[in-house]
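These protein sequence lines map, in sequence, to chains A and B.
So for the first sequence, my numbering puts the first residue at 1; every next one is plus one.
So for the second sequence, my numbering puts the first residue at 1; every next one is plus one.
Think of the hints as simulated: they come from the structure by calculation, not from any bench.
Fair warning: this is a prediction, and the values are worked out from it, not measured in the lab.
Be a bit skeptical, because a hint or two may be false.
In the PhoX-like style, the derived pairs of lysine-lysine whose C-alpha atoms are separated by at most 20 Å in a straight line are [unchecked claim]:
#1 A:72 x B:98
#2 A:360 x B:273
#3 B:273 x A:388
#4 A:72 x A:164
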Amino acid sequence: MKLHRIGVGLLALSMAFIGSIAPAQASGAITVWVNSGEEAAYKAASADWAAKNHVTVNIVAKCGLGDCGLSKLGPAGVGPDLFTASHDNTGSLVKSGVVTSLTSTINQKAYPAAVLQGVSFGYQQWGVPISVSNIALATNLSLVPAGAPQSWKELEGTATSLIKSGDASVGIVTHLDGYFLQPFFDSIGGYVFSNKNGVYTSTKQIGLYSKTLAKNADLMDKWLDEKLFDKSNTYDGSAFTNGKAPYALVGPWSIAGLDKAGMKYEISGIPSINGGTARAFSGVTAVYMNRFSKNRFLAKQYLSEVVQSTAFSKAISQANNSYPANLEAAAQIDKNSVEAKFGAYGAVCIPMPNVAEMGKVWTYWNNAFADWGTGKSTFGAAMKAAAKDLNTALGNN
Amino acid sequence: MRIREFVAHKSKFILSYSFVLLLLIMGARLLQDRSWFLGIFAFISAILIFYVYCIARKVPLKYLLPGVLLLIFFQIYPAVYSGYVAFTNDSNGHQLSKTQAVNAIIDDSLIPVDGIEPISYVVAKVEATKSLVVIFQYPAGTYWAGNSQLLRRLKLSQLEREPDGRVKQASGYVVFNSEQSAAYANELQNIRIKIDDSTSLQPVDIDLMEAFQPSFKYSEIGDILTDLNSGQVYSPNDNGQMVSASGEVLYPGWKVNVGWRNFSSIISDEEVKRPLLAVLLWTFVNAFLVVVLSFLMGLSLALVFNFQHLRSRRFYRTIFIMPMAIPSVLSVLVWAGLFGTETGVIDRLFHISTPWLTDNLWARVAVLIVELWLAFPYMFLICTGAIQAIPNEILEAAEIDGASPLKSFRLIKLPLVMRTIAPLLVSSGAMALNNFGAIYLLTGGGPVFSNSNGNAGATDILISYTYKLAFNSQEGNNYGLASALSILNFILVGAISVYGLRKMKTMEGVN
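In isolation and in its complexed conformation, chain B is listed as follows (with noise of 0.2 Å):
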């Protein structure tokens, strides 16, 4: 028992403490990669963590911090995030920040200078500053050291050079050789020198420098971009982007906060409201029908196999409940195949020929089914908790006072499951609206809607329609529009759940 005990302690001093210096190294790595939130939230974990399991021994909190900590981690923090995502224009060309987008722009602009042949450089250190420089000679004789901010002149006097011109040593500078100045490619990549006012030199290699003409130019004054060849200005609009006045617009754009245009597109925009309102119809329907549907077929198969003279019932019932233990990927994806039209097991099976999964209405049908037998085991178990919880003794007084199988069902049995089960099918129905498993995987929210943006399809309801815009569009990445309809559904989801819950309360009054 000693020895025990004396595992169970140094594993339990091994485990919270190399998770703990687990959640150290991911802060800084986050913090490394400038994430704050995360680095920070990362560190302050790891903190509390070590405080309550390791120096306090607070035995409550031990109970309470990991779940709240993963209550922040994967619910709030996703939740405010997106909320923040639907206020910008996050989306494909509007991912970089402003100065990059503009110094892209400039960039992608660069044409090289006929005239100026590519100038070699040595890299060096201001010894004082430490910054980074290179060193090289501009015309020929004339030696400078410079990066992107600042140029200095250098004395001959102050150098000492190689036969063919190169630096070797200058006084007030560390020079590199070529195999340290390696190291240093990232920075020196980024170096753009101004020899005068349009032309700069930027370094093309480890030690090559070549002249660049920018056909752009950006002044902080005013905040505008001017093209030097046509004079045309460009200046920013209020969706990131670079506009001049007669609408021409620069790519790339950035990201910006666009206010509340996301979700007044969703009213606005032709192409957004266009296949939205389909989309939340179904998502009602369905969210409905798989509830009604499901519930009334788990119910009438709990109350046929409560009947007690009915042999092996416990048999029947595992066998009811096999689709819950079967992963719902994999049953999703075996009902797809037996779908197909013409060469699915079940149209071979009757010999006709339905479009399954090509027509609007029959694909509607096949989502139905298979939702329907996904969800029934689940109202098959509760509904047979549910009878079984009713006491014998009042369904005996019953057929003693004379009521009829039927009457007995409709007046004590239906009343008495409905108190219990009725939170749990508000539960279902707000699980059923978010149900984007079954459709993702069964008919993609398809068939697609010709007229679609984003190739929204009869199937899709609302959460699967905000996956395509903000993952799987041909036309680029919405994720601010998709930010806003997914808050929508919460709101949708979280209303009717609220009004549904409202509505138990009062039939539980009523018992």
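Chain A with its partners taken away, still in its complex shape (with noise of 0.2 Å):
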């Protein structure tokens, strides 16, 4: 019975103790949630402003795509200060009312107006600006020697002559989706939203199924028959290091693999149809703060003198192999090197809408491309039904 006074009276100790927890004080840390694999350049490049400031930088690897949950967690309170989301969440994280603005926070002269854009909804900004990684062309020089092309007839003609010679198995190794056939999309006259030069003006006005697209639609169809994309819709990247293919499409997190596979390639913008250049999606991965956070003069502190650096976009830039948002940052850059090819085709890319309604449209817009691709339906007709259901989910008619 002795044991059990002494539970009672451990017990009782612990109640007291429970009861002193005072509200945990955070002050002089802060937590970011940045996404996995990259939290190692995150520390490095926090570590001396944390030092000097005696401030604790908890860094931690927990977003991937879309918003990390914030929408569900922030208002629960158990959000991170900071965490990093590309651009195109802008919409969504705003009418969730999960996010602050930063418009006042924001050095306005640091960044290009196209990725101020991109983090703009309504009459604010929402996420100081990192990096901008977009798609671009890869070429297999020890299959085309000649190089990157440097028009759509080139391109066509190049790997259709390849494929005929046996030499090659496939055009152009990607994903058959909008984000990756979007450049192709914008060569024939298709859009996602109406926009000029890339700001977009209204969610009113889709172009899934444009005047100019139903016109040229029949051009995919060729393309696929040519087999310049591949019907299956898997991304054969040894295709492409094999030497089985002449071109790519690839991203900024392709370069480690293909230098990996130790090959000679070359990075470029995508020719047009109409001579020019056709215009991929760019992504700007940038910070957002967390509306529910509690050190927000912290937060805000870390943001002015830490992410918006030359440094710090450098850095992380650098570790994502993506091209630095920050102007000063992106001066730096080697022309030759392949960032600043990346960057130099991300500079007439477009910035991927970052309304709300974008959810909707990649939902309905990939089923065509997939439609499509498996070849239950031509390219004209799998976006003109998508185009109508979109208008009819959007409630646009």
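Hints given; two lone chains; assemble the complex.
Okay, here's the thing in structure tokens:
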């Protein structure tokens, strides 16, 4: 029985202890959620500032795609102070009310207008840009010694003749979806939302089956028949590295793989059928602030003094092979480097729409690409149906 | 032996007390996070466990209590909660409370006021009420102490100042230095001091405030938001959003009770309805086929391997139970690898090109094959058991009476087997209706219907479609609708199970 008395005593003590736990004071520490695999770079780039200001910067690899679950975690008070996200989430983050405006924190002169456009929604800016990434065309130099194609004709001609001669099994290694095929979609006159030089004007007007696209839709079917694209819709990167495909659509994330394969390649923009360059989507990686953060002062200081610094933008974009969003950092990039090639093409790309409606667009648009790729319908028919369904889904008619 | 008893007694003591302690800590943390139900539940559980195991020694309760508590925690609470969510508009854009949402709209509209320089402040507490205030001068020479609720002018005689005008001491207030102030950052960042009708001061740093003008003003009378620039008036609609007369919506919205709307949208909303019929149909066809086919396969294998003259029957039986021993996650993923078009093992073996996971029909076949693979060992096992339980005398009597093997199977074995197995078939059916794992891992519900809301696909069953709506959709998560669908799913599965079991009872009566 004695033991039980001790037990009751212990319990009473521990109750007192629980009662005395004050609300956690987190002053002097901020938490930043970043994409997994990039935490080391963030830690290194924040270390000096943290040491100088006696602040703990907790970098946690928690984010992948989307909003990191912040729309649920933020209001529950268990989110981080800051988190990284791709700029196309801006609209839905703002609509969920979990991010706070950073317009007054962002140094407007440090970034290109298109990048700031990407993190803007309504009249405010919501994310501090770090890096910009986009896909680009990689040319296998051992298969195409002439180098990157200067025109669409050259690209198509080279690819089809290599396929005919049996040297290549496919023209361009790519996924058959909206993100990867956007440059071709742009080339033949399609667009997601009406825009003027990449500045979106209205979500009411969608161009999935625009007049120009309707006229040119057969081209996509032709290119599929010519094996310019692989019908099986498997992104067979080895076909490119093994010299069985002259071209591939690659992102900054593919570079490590290409270098590892020890092949010779060149990065360039994608030529348009109308001459000039076809525009892919560019994506901005930005840092957003949780509206429910308990350390907004410190987080803002971190944004101003660390995230907006030239060195930070440079270090992070180096770590994820993308192009720095910060103008000064971009100016320091070697013009002949792979990053600079991505960046040069990125400069003519259009920012991916960041409105919340984009979620529905991806669904219907990608499904249309899948229907076309698997041969269920022609490109024109697939896009026509997608445009109709999308208009209904967005309540446009 | 004494030592063993002693250790047993001590460890029981330590275990039960530390478990109670753990629950108490959990409860305290949950209450701190304002999770009232779970927090109180943890406390009540702790008290009950303490009472039953440490004080009262109620032996029967010792056996009952863990099960009851776990039942409440893992079954009843989630069910009740999703029942509650089904009647709200819980989804992306409707996560906040109304106050939070209105404040967010106003905060997002704040524009810095030109002409008012940043104002430095010191942090203080009112001696009498202990409420946190900031002390600042605006305009120069006039001192104020204020927070979101109050604003008081301070007399110069009250103050002791630094040469630069910064306040060092104020009578009636406890003034903090900058290090002490840092601890109040969380409260400071939410302070808004109104200095006139449209302008408010707001700390932007630990010692600096800036003046902001909101574009919106909320008035509790009439519950309206007014756009101060255009005069446009926004009032709440029944979906937890502020809407103008012309239909312009302000974001974010908030969570409200929407009554039966989630349920009615299952029938009325074109986007939800479109894929639902196909999904429902496949849910039933899939469950029916899996149960029937796996039963037939299990039964025939059981009959064959019950043949007495067969050598090493045990070995074969063990082999057939193997799929059950391998974690189903693993085997489904292996199957997914086998099903690759042209590149998969199956296609390479037979030199064919089958669009296994990309064609609607073939994907369904693939799902059936995998589910069959996962389900037949169980059927084999219970059929073997049921067949072996049939007394040999009956079968021998039948043989002597001249019954052919087929007849003795049809008239003796099958009815006797069915009698044991029928209820198990019903439960298998209920499980097959909810067979989320195999479908999620193998096809992810795909190939998707090109015109479907939330990416529903040809192999989606109701529960996997629900999951997509709730968590997996690029279109934003819709927890409300998903909860409504899961309730629908529960009703369907429950109704079919009850019907099935009723049928079984009548069968027993016949026997």
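Hints and how they fare:
{"no.": "1", "hint": "A:72 x B:98", "result": "holds (15 Å)"}
{"no.": "2", "hint": "A:360 x B:273", "result": "holds (16 Å)"}
{"no.": "3", "hint": "B:273 x A:388", "result": "holds (17 Å)"}
{"no.": "4", "hint": "A:72 x A:164", "result": "violated (54 Å)"}
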